[in-house]
Amino acid sequence: MTATGLESNGSPSALPAVGDGVTRSRGTIRNIAAGVLRRPTALTALIVLAIIIVACIAAGIIAPYQPNQQDLSASLQGPSLAHWLGTDDLGRDTFSRLLYGGHITLFYAAVVTAVALVVGVAAGLLLGYLGGWTDRSVMLLADIGMSIPVLVVVIVMLSVFRQDFVVAMAALGLLMVPSIVRSVRAPVLALRGELFVDAARISGLSAPRIMLRHILPRVAGPVLVQATLVSTVALQLTVGLAYLGFGPQPPNPTWGSVIASGAQVLSSN
Numbered sequence: 007m008t009a010t011g012l013e014s015n016g017s018p019s020a021l022p023a024v025g026d027g028v029t030r031s032r033g034t035i036r037n038i039a040a041g042v043l044r045r046p047t048a049l050t051a052l053i054v055l056a057i058i059i060v061a062c063i064a065a066g067i068i069a070p071y072q073p074n075q076q077d078l079s080a081s082l083q084g085p086s087l088a089h090w091l092g093t094d095d096l097g098r099d100t101f102s103r104l105l106y107g108g109h110i111t112l113f114y115a116a117v118v119t120a121v122a123l124v125v126g127v128a129a130g131l132l133l134g135y136l137g138g139w140t141d142r143s144v145m146l147l148a149d150i151g152m153s154i155p156v157l158v159v160v161i162v163m164l165s166v167f168r169q170d171f172v173v174a175m176a177a178l179g180l181l182m183v184p185s186i187v188r189s190v191r192a193p194v195l196a197l198r199g200e201l202f203v204d205a206a207r208i209s210g211l212s213a214p215r216i217m218l219r220h221i222l223p224r225v226a227g228p229v230l231v232q233a234t235l236v237s238t239v240a241l242q243l244t245v246g247l248a249y250l251g252f253g254p255q256p257p258n259p260t261w262g263s264v265i266a267s268g269a270q271v272l273s274s275n
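At the far end of the sequence shown sits residue 275, using the working numbering, and the numbering has no gaps.
Computed Cβ-Cβ distance ranges for the label pairs, DEER-style:
hint: 1; residue 1: V159; residue 2: T50; range: 33 to 39 angstroms
hint: 2; residue 1: P46; residue 2: S209; range: 40 to 46 angstroms
hint: 3; residue 1: S153; residue 2: S86; range: 47 to 53 angstroms
hint: 4; residue 1: L195; residue 2: P85; range: 50 to 56 angstroms
hint: 5; residue 1: L52; residue 2: R207; range: 34 to 40 angstroms
hint: 6; residue 1: A88; residue 2: G151; range: 46 to 52 angstroms
hint: 7; residue 1: A266; residue 2: P85; range: 19 to 25 angstroms
Bear in mind the hints are in silico, worked out from the structure with no lab data behind them. From a predicted model like this one, the values you see are computed outputs, not experimental measurements. No residue lacks a Cβ here, since even glycine has one placed at the ideal position from N, Cα and C.
Go ahead and model the full structure; you've got the sequences and the hints to work with.
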């Protein structure tokens with residue numbers, strides 16, 4: 007379906023069809039996927055990341071030992087056929103503990119990333135599309151939020167919700183929202199004046215449908231970049247907090263606790 011309008015001189019002109027926006031959106035997503043596949047470095051990194059995630063999820067099948075299975079006679083051994091990455095000070099298999107610890111660590115990092123992206127992308131779409139005083143007011147709050155020291159706030163949250171690490175990770179995700187809002191809002195501001203958006207309005211589509219079907223796929227690039235950055239920071243903070251003793255307590259393994267255990271005996275060998 008094509009909507010029609012009048013040019014400034016009074017002659018009829020054809021506005022782009024509403025479907026043009028959907029076609030371009032799908033083309034943008036295909037271009038991103040094709041760009042990754044054409045780059046050996048990006049493709050290799052994606053494959054390695056997929057292997058790590060799948061291995062951690064399937065820890066119960068892949069791990070040769072239980073994560074807390076102790077063998078004091080085999081403590082602090084180096085890599086061998088029996089223990090691929092050696093053992094810790096209690097004789098527990100390091101490879102198995104890394105797999106089980108990754109299951110927990112990646113879950114918490116996923117919680118942070120999901121909360122940050124869902125709230126940040128939704129707010130960025132809404133502010134960029136609506137504009138006006140709502141945009142200015144919320145962006146002022148976002149600027150203030152970007153000045154908040156994230157690690158300090160998270161440690162305070164952990165002291166309050168010590169028994170519920172998921173709540174603290176959700177709060178960490180909310181603290182990462184302002185940067186995502188700014189990154190999504192900017193391209194949406196440019197897109198809301200495009201002809202295909204005007205055509206969608208004229209055809210009677212609602213604002214939420216326009217934002218989801220016509221605008222969101224067009225900002226897939228910035229969203230993908232922000233997802234990468236947020237997931238990286240989330241993983242670093244999750245591991246760092248576990249290293250400092252926050253989060254799941256021993257003997258439950260996490261990547262942070264495995265690092266802390268290894269750091270204690272690093273100087274011995």
